[in-house]
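If you're matching them up, the sequences are chains V and G in order. Residue numbers 1 to 594, in the UniProt record's numbering, belong to the letters of the first sequence in order. Residue numbers 1 to 594, in the UniProt record's numbering, belong to the letters of the second sequence in order.
If you are wondering where the hints come from, they were derived from the structure by calculation, not from laboratory data. Take these hints with a grain of salt, some might be off.
Stated by the list, open to error - Estimated spans, in silico, between C-beta atoms of each pair:
1. V:Q68 / G:E321: 29 to 39 angstroms
2. G:S551 / V:A281: 30 to 40 angstroms
3. V:P216 / G:H254: 49 to 59 angstroms
4. V:E39 / G:E504: 41 to 51 angstroms
5. V:E321 / G:S142: 54 to 64 angstroms
6. V:S2 / G:A79: 34 to 44 angstroms
7. V:A80 / G:A83: 43 to 53 angstroms
8. V:A281 / G:E419: 35 to 45 angstroms
Stated by the list, open to error - Quick list of in silico lysine to aspartate or glutamate cross-link-like pairs, DMTMM-like style, CA-CA up to 20 angstroms:
9. V:K326 / G:D590
10. G:K271 / G:D69
11. V:K326 / G:D69
12. G:K326 / V:D591
13. G:K326 / V:E166
14. G:K223 / G:D172
15. V:K271 / V:D246
16. V:K326 / G:D591
17. G:K271 / G:D246
18. G:K271 / G:E183
19. V:K223 / V:E144
20. V:K271 / V:E144
21. V:K271 / V:D69
22. V:K326 / G:D172
23. G:K223 / G:E166
24. V:K223 / V:E270
25. G:K326 / V:D590
26. G:K326 / V:D172
Beta carbons: idealized from backbone N, C-alpha and C, even for Gly.
There are 2 protein chains.
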Amino acid sequence: MSTYTAPLRDMLFAMREVGGLDAVCALPGHEDTTPDLVEAILEEAARYAGDVLDPLNRQGDTQGARWQDGAVRAADGFAAAYASFCDNGWHGMPAATAWGGQGLPTLVSTAVLEMWKSSNMAFSLCQMLTLGAVEAIAHHGSPELQRRFLPHMVAGRWTGTMNLTEPQAGSDLAALRSRAVPEGDHYRVFGSKIFITWGEHDMAENIVHLVLARLPDAPPGVKGISLFLCPKFLVEADGTLGARNDLACTSIEHKLGIHGSPTASMGFGEKDGAIGYLVGAPHQGLACMFTMMNHARLNVGLEGVGISERAWQHARAYALERVQGKTLRAGSGTIAGHPDVRRMLMDMKARTEAMRALAYFCAGQMDRAARHADAGERTCARTLVDLLIPIVKGWCTDNALHIASDGVQVHGGMGYVEETGAAQYLRDARITTIYEGTTGIQANDLVGRKLARDGGQAMAALVERMDADARRLVESQDAALTQIGHALHSATATLEDGVRWMLENHQAHPARSAAGAVPFLRLAGTVVGGWLSARMAEAATAQLAAGSSDSAFLQAKVATARHFVTHWLVQAPALRDMVVAGADSTLALDDAQL
Amino acid sequence: MSTYTAPLRDMLFAMREVGGLDAVCALPGHEDTTPDLVEAILEEAARYAGDVLDPLNRQGDTQGARWQDGAVRAADGFAAAYASFCDNGWHGMPAATAWGGQGLPTLVSTAVLEMWKSSNMAFSLCQMLTLGAVEAIAHHGSPELQRRFLPHMVAGRWTGTMNLTEPQAGSDLAALRSRAVPEGDHYRVFGSKIFITWGEHDMAENIVHLVLARLPDAPPGVKGISLFLCPKFLVEADGTLGARNDLACTSIEHKLGIHGSPTASMGFGEKDGAIGYLVGAPHQGLACMFTMMNHARLNVGLEGVGISERAWQHARAYALERVQGKTLRAGSGTIAGHPDVRRMLMDMKARTEAMRALAYFCAGQMDRAARHADAGERTCARTLVDLLIPIVKGWCTDNALHIASDGVQVHGGMGYVEETGAAQYLRDARITTIYEGTTGIQANDLVGRKLARDGGQAMAALVERMDADARRLVESQDAALTQIGHALHSATATLEDGVRWMLENHQAHPARSAAGAVPFLRLAGTVVGGWLSARMAEAATAQLAAGSSDSAFLQAKVATARHFVTHWLVQAPALRDMVVAGADSTLALDDAQL
Chain V
1 MSTYTAPLRD
11 MLFAMREVGG
21 LDAVCALPGH
31 EDTTPDLVEA
41 ILEEAARYAG
51 DVLDPLNRQG
61 DTQGARWQDG
71 AVRAADGFAA
81 AYASFCDNGW
91 HGMPAATAWG
101 GQGLPTLVST
111 AVLEMWKSSN
121 MAFSLCQMLT
131 LGAVEAIAHH
141 GSPELQRRFL
151 PHMVAGRWTG
161 TMNLTEPQAG
171 SDLAALRSRA
181 VPEGDHYRVF
191 GSKIFITWGE
201 HDMAENIVHL
211 VLARLPDAPP
221 GVKGISLFLC
231 PKFLVEADGT
241 LGARNDLACT
251 SIEHKLGIHG
261 SPTASMGFGE
271 KDGAIGYLVG
281 APHQGLACMF
291 TMMNHARLNV
301 GLEGVGISER
311 AWQHARAYAL
321 ERVQGKTLRA
331 GSGTIAGHPD
341 VRRMLMDMKA
351 RTEAMRALAY
361 FCAGQMDRAA
371 RHADAGERTC
381 ARTLVDLLIP
391 IVKGWCTDNA
401 LHIASDGVQV
411 HGGMGYVEET
421 GAAQYLRDAR
431 ITTIYEGTTG
441 IQANDLVGRK
451 LARDGGQAMA
461 ALVERMDADA
471 RRLVESQDAA
481 LTQIGHALHS
491 ATATLEDGVR
501 WMLENHQAHP
511 ARSAAGAVPF
521 LRLAGTVVGG
531 WLSARMAEAA
541 TAQLAAGSSD
551 SAFLQAKVAT
561 ARHFVTHWLV
571 QAPALRDMVV
581 AGADSTLALD
591 DAQL
Chain G
1 MSTYTAPLRD
11 MLFAMREVGG
21 LDAVCALPGH
31 EDTTPDLVEA
41 ILEEAARYAG
51 DVLDPLNRQG
61 DTQGARWQDG
71 AVRAADGFAA
81 AYASFCDNGW
91 HGMPAATAWG
101 GQGLPTLVST
111 AVLEMWKSSN
121 MAFSLCQMLT
131 LGAVEAIAHH
141 GSPELQRRFL
151 PHMVAGRWTG
161 TMNLTEPQAG
171 SDLAALRSRA
181 VPEGDHYRVF
191 GSKIFITWGE
201 HDMAENIVHL
211 VLARLPDAPP
221 GVKGISLFLC
231 PKFLVEADGT
241 LGARNDLACT
251 SIEHKLGIHG
261 SPTASMGFGE
271 KDGAIGYLVG
281 APHQGLACMF
291 TMMNHARLNV
301 GLEGVGISER
311 AWQHARAYAL
321 ERVQGKTLRA
331 GSGTIAGHPD
341 VRRMLMDMKA
351 RTEAMRALAY
361 FCAGQMDRAA
371 RHADAGERTC
381 ARTLVDLLIP
391 IVKGWCTDNA
401 LHIASDGVQV
411 HGGMGYVEET
421 GAAQYLRDAR
431 ITTIYEGTTG
441 IQANDLVGRK
451 LARDGGQAMA
461 ALVERMDADA
471 RRLVESQDAA
481 LTQIGHALHS
491 ATATLEDGVR
501 WMLENHQAHP
511 ARSAAGAVPF
521 LRLAGTVVGG
531 WLSARMAEAA
541 TAQLAAGSSD
551 SAFLQAKVAT
561 ARHFVTHWLV
571 QAPALRDMVV
581 AGADSTLALD
591 DAQL
């Protein structure tokens, strides 16, 4: 079994060269976040992830969370780790200082969160859900709700959940049936919810459920949904915990992976109704959820990065240790010397680095959108973030499935044996393309909201920016960069083809447009990933030319970008073809012909 | 949960139109295998698979095989099903009549085996391993060994295993250490073996282990390996079972999937040595294993087909039943009306049908190779089979991983819940790219043995045949066929590029050639799959033109082929690029830079 070692050099390189770390640290309000401080935080986090969370990951998988009579026990060791996670300040770190967090740039917290995802994805979900709830309450809750709940939640003493899905509705929130009845200063909530991550457990004193439900006068559909805060234990006026609220965990799911993270079915109002407090205005529940959507989707995309990194480290460790057969590559006596094993390792590495670059680039833009001094720059960054978020979520998780699967393959027969650990990463990764909006939902968001609504302006600006970089690389004196530049230039042209087709067809042929949406998302992710890989190669080449002593690392960056180009960016034309010529066959058959 | 329904129409269509069923039934020795008989057999097998094996599949997964004190109990219901499987004649069906089998064409038994793979892959492995052992003994065993063992094994009363892998050697058979010492008319075998499928269980009276080991005077490497038959219970001269042999199952693996199939670690000769009988000549063990390699690899490729078909049926059933959200496609109120769900369903369907076509085409060629009246035709077919086998194995299993994963995705959040059943197909499928030679090993076999050894002649003949069909389609009066023809013509040209590069580089740059071997295998599989899809579309179009009453089915065949072309065959250029321009980056880094 390998041990997780946070790839600090790669992380810092991506933060600096594509995330714009220096500029982010210079944003108003982040002046105290010096590069030295960032490095120190990352080093501490790396230690915590490697020493505490990674060694627990298998226990979470094999033992899992256990339900009995409505109570859920986390896997052995999780509660103690969670306590130390909170005590060490990791839990609240990404949150605002007003509620006890450290108010760090999203770029920095993103790198730290990646480490939690890599080392123990199931564990990391508890914090992720809690901070999502914190964000919703901080934006939409009354000052009284904020005062009473946020400090505890940021500190991690109380955790948070999101109660969206109902059995009959799935991703279709318009079909929600849970209801809330006014009663004095609060409401009584009734309904059944499923797929509630960390919906019940024994690691915290209280659990704060955010629940989507309908008021009695609510209009039908998504415009009639309100958001309610229902604590597991009621909170008295003096802040102490009172009676148990009328809500219960009725079961937890038996899942393919993330066994350490209990996925609860929740019943609200089996007796008198669960006491809940309205968050935001009536019927505005969906808007409240949307507030946190960008962070939530970035973070699930980041799970794709984190689990891919971990699967890659595990496979690399095995490949560099296992001796088997005569190898063809000089210098390698282990199976890493078999060219096909090396191809898989390079595939994993190149994609993971491109995905990380994309997630960090997006995080850096979120910081600009939040704090840049210039309003125009903020808007510009916000538009870019909105465009990129479905790509980060959809493309990074999609890749993660394949990377984790390749990780199993590198191990050969041992990969199929659970004790080896490689299979867990595949099982854990498999949820990431599903929750927080499936890849299909991300693709519809990308095409419908992010591309079509502004007539393709945001995308055109991104394409122009990418192609300008491509043309600069083509003009470079460096052969590798020139090659990368040509490939990127050609790939951005295929993306433009796809964009043009989508804009032409989205209104006129919505079904055809939707049939091509996921290939389009993959095309966009592939090209953007290629662009950011190219930027890293360019930066590495410049540092090499400037005489950096870290030449092995920097040369590897260039080779890794080349690998992305020659193995992944080359797929752009096929993805474009699927978009522009794939709808006919996709929609050709009647149900009975399937 | 869906119920498996063997896709008899699709199977028969592929058997007739690409497998050459009529010609196979006319081969010397198969005259009794009339088309009516074939249909009757398939219908009976379909009933058995759907009624008996499919309902047991989940029990095998959830309970699995259980080891205690060296004994292994199959999951509840497996032993009874196995008894009825044998009693009904299914077990020995593919075997030669000389030993109690039915001597059916490989094409027919392949279709039947696909049903066992679809309905209960874990269960199917026991028969597969036994018949593999039968093949080895029938080709290389002494008449006495054949007489004593084969009738029982063909009938299924005794099962068979293959003991190749040792912990330190993995796929590298040159590193085997197990040894055999002569003693009178037999040998004493000593050694440890792992990954022995159905190596121990309680479903049969005896288990016949075929074991690779070294004689005392053996040369090193693969030329010093001999094959031994070691029964679990010794067989007396009168055929009755005697004492327990000195071999034991020391544990079984805890695996990602195929839980119903015990994967045993075996210890031979803990005491005096396991009594074993030499099969074939001394030091010729590997040649004996190679005898059954084509069938074994076809059958694992067929697992890719079978599990894909099952995952597809499961996803289709869910998509056609689940109502959620407003759909964009007229006529579909269920999620199958969401174009992206439909895209996934069509992707699954188009690939599965192309894979089945490839497996059946190969099976039909095996029948020609075995029985064609003309020696030249036999040689020709044998050459084609040898070329195709690594493609069938490597490409069909590679696809199966993605198809089973897409099957989970179609289910959304429910797909991640084990009770839904979709996840099992993904877990089960994950072994198929690993055992019986990993995809990397298949690709090296394809490039090194099948392509380079004859200077590309066999491949050139295949490419010429494919391109002739493409050109005929281009000339067709039918718009869909013309479009398919153009795409196929262009794709065969990319395959030719890949072939040329491989032939130029295989000797001079073995590491570069090996770096591109798997992309080359995928390229070959994609193009051959496109070709056979095109042939099915052509046949369907002809039947439609002839006024067939089955127009919905035949139109679906054309649309499915178009989907393969527009979503999969379009990837051929990228795969070619990976082959011809991907080696540099694959091999660029030192171990320390990974």
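Consistency of the hints with the structure:
Restraint check, Q68 of chain V to E321 of chain G: a C-beta distance of roughly 33 angstroms satisfies the suggested window 29 to 39 angstroms. At roughly 56 angstroms, the beta carbons of S551 of chain G and A281 of chain V sit outside the given window of 30 to 40 angstroms. The hinted range of 49 to 59 angstroms is satisfied by P216 of chain V and H254 of chain G, whose Cβ atoms lie roughly 53 angstroms apart. Taken as a hint, the range 41 to 51 angstroms holds for the pair E39 of chain V and E504 of chain G, whose Cβ atoms sit roughly 49 angstroms apart.
Hint check: E321 of chain V to S142 of chain G, Cβ distance near 43 angstroms, so the stated range 54 to 64 angstroms is violated. As the Cβ distance of S2 of chain V to A79 of chain G is approximately 40 angstroms, the hint placing it in 34 to 44 angstroms holds. At roughly 51 angstroms, the beta carbons of A80 of chain V and A83 of chain G sit within the given window of 43 to 53 angstroms. Between A281 of chain V and E419 of chain G the CB atoms are about 39 angstroms apart, so this pair conforms to the stated range of 35 to 45 angstroms.
Between the alpha carbons of K326 of chain V and D590 of chain G the distance comes to roughly 17 angstroms, so the proposed pair stays at or under 20 angstroms and holds. The suggested pairing of K271 of chain G with D69 of chain G holds, with an alpha-carbon distance near 17 angstroms, which does not exceed 20 angstroms. Proximity of K326 of chain V to D69 of chain G is assessed by CA-CA distance (about 38 angstroms); at most 20 angstroms being required, the pair is judged violated. A threshold of 20 angstroms between alpha carbons decides the hint, and for K326 of chain G with D591 of chain V the separation of about 16 angstroms falls inside it, so the pair holds.
Distance check on the hinted pair: K326 of chain G and E166 of chain V sit about 17 angstroms apart at the alpha-carbon level, within 20 angstroms; holds. For the proposed pair K223 of chain G and D172 of chain G, the alpha carbon gap of about 13 angstroms is at most 20 angstroms, so the pair holds. Distance hint between K271 of chain V and D246 of chain V is fulfilled; the C-alpha atoms sit about 6 angstroms from each other, no more than 20 angstroms. Between K326 of chain V and D591 of chain G the CA atoms are separated by roughly 16 angstroms; this keeps the pair inside 20 angstroms, and the hint holds.
Restraint check for K271 of chain G and D246 of chain G: the C-alpha separation of about 6 angstroms stays at or below 20 angstroms, so the hint holds. Between the alpha carbons of K271 of chain G and E183 of chain G the distance comes to roughly 15 angstroms, so the proposed pair stays at or under 20 angstroms and holds. Restraint check: the Cα-Cα separation between K223 of chain V and E144 of chain V comes to about 26 angstroms, which exceeds 20 angstroms; the hinted pair is violated. About 27 angstroms separates the Cα atoms of K271 of chain V and E144 of chain V, which puts this hinted pair outside 20 angstroms; it is violated.
At roughly 17 angstroms between alpha-carbon atoms, K271 of chain V and D69 of chain V fall within 20 angstroms of each other, so this suggested pair holds. The hinted pair formed by K326 of chain V and D172 of chain G meets the criterion: a straight-line CA distance of about 8 angstroms does not exceed 20 angstroms. Between K223 of chain G and E166 of chain G, the direct Cα distance comes to roughly 17 angstroms. Compliance with the 20 angstroms bound is thereby established for this hinted pair. A hinted pair counts as satisfied when its Cα atoms are at most 20 angstroms apart, and K223 of chain V with E270 of chain V does not qualify at roughly 26 angstroms.
With a C-alpha separation of about 17 angstroms, the suggested pairing of K326 of chain G with D590 of chain V holds against the 20 angstroms cut-off. The hinted pair formed by K326 of chain G and D172 of chain V meets the criterion: a straight-line CA distance of about 9 angstroms does not exceed 20 angstroms.
Consistency note: the structure conflicts with the earlier hints numbered 2, 5, 11, 19, 20, 24.
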